[in-house]
Amino acid sequence: STPIAVHAGVRLELLADLGSLPKLGVGPALSVAVRLDHTALELSGHYLPRNDLAQGGRTLGDIELWSAALGACQAFGTGTSVGPCARAEYGRMAGRGSADLRVPRSDSGVFAALWLGLRVDHALLSGLVLYAELDAGLPVARTLFTVQGVVGSGHEPSAVIGRVRTGAELRF
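Residue numbers (the working numbering): 195 to 366.
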């Protein structure tokens, strides 16, 4: 029988997220992975910076997201590979009211989502891999942020969230 190849990897990522925050969010992520042949087990941390909550041209506040995810990806092919990914993400959304409000307040709440995606990897050099991934997320815990005294204001993550990830990974 052939022995299982075990490798480790560290990946720096850029995320583009549509649906977690009021508008398109772009932020960094850092991942570590253990690879067993063509299967990767990954732990990642994400940050989506403050994103304005606005109504009628008026900024009412902002919301940010810090989270961590545990996932697995399967790669099919060599050199350039394609495969599915699944992840569970847990984090904290934090919102704060604009200083223009009569009584600005801050609050935070839980964010949790299950993700399915498709990843394409391309080995640029030995040990250096570029990749792109397209994900769809289903929030299982969402926090509703509202602005007291402003009718129709507020934000809650969408029922389905889209995310694009891209970056480079060093494999050892």
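Hint data in this document are derived by calculation from the structure and do not stem from the laboratory.
It is possible that part of the hints are untrue.
[Claimed, not checked] Simulated restraints on C-beta separations:
no.	residue 1	residue 2	range
1	ALA199	VAL314	15 to 25 Å
2	PRO243	SER320	15 to 25 Å
3	LEU206	LEU264	10 to 20 Å
4	LEU322	PRO278	36 to 46 Å
5	ARG252	ALA280	19 to 29 Å
6	ASP301	VAL354	22 to 32 Å
7	THR253	TYR284	23 to 33 Å
On a predicted model such as this, the values are computed, not experimentally measured, just so you know.
Note that CB positions come from ideal geometry on N, CA and C, so glycine has one too.
- Item | Pairwise beta carbon distance, LEU322 to PRO278, judged against the given window 36 to 46 Å | Given a distance of about 23 Å, which is not inside 36 to 46 Å, the answer is violated.
- Honestly, do THR253 and TYR284 meet the 23 to 33 Å range at C-beta? 29 Å, holds
- Item | Assessment of proposed distance window 10 to 20 Å (beta carbons of LEU206, LEU264) | 18 Å, holds
- Range hint compliance [Cβ, ALA199 to VAL314, 15 to 25 Å]: Given a distance of about 21 Å, which is inside 15 to 25 Å, the answer is holds.
- Task: Hint says 22 to 32 Å; check whether the CB-CB distance for ASP301 and VAL354 agrees.
- Result: Hint holds: Cβ distance 24 Å, inside 22 to 32 Å.
- Message: Assuming the hint says 15 to 25 Å, is it satisfied by the Cβ distance from PRO243 to SER320 or not?
- Response: 34 Å, violated
- Kindly confirm whether 19 to 29 Å is satisfied by the beta carbon distance between ARG252 and ALA280. 40 Å, violated
The earlier numbered hints that this structure contradicts are 2, 4, 5.
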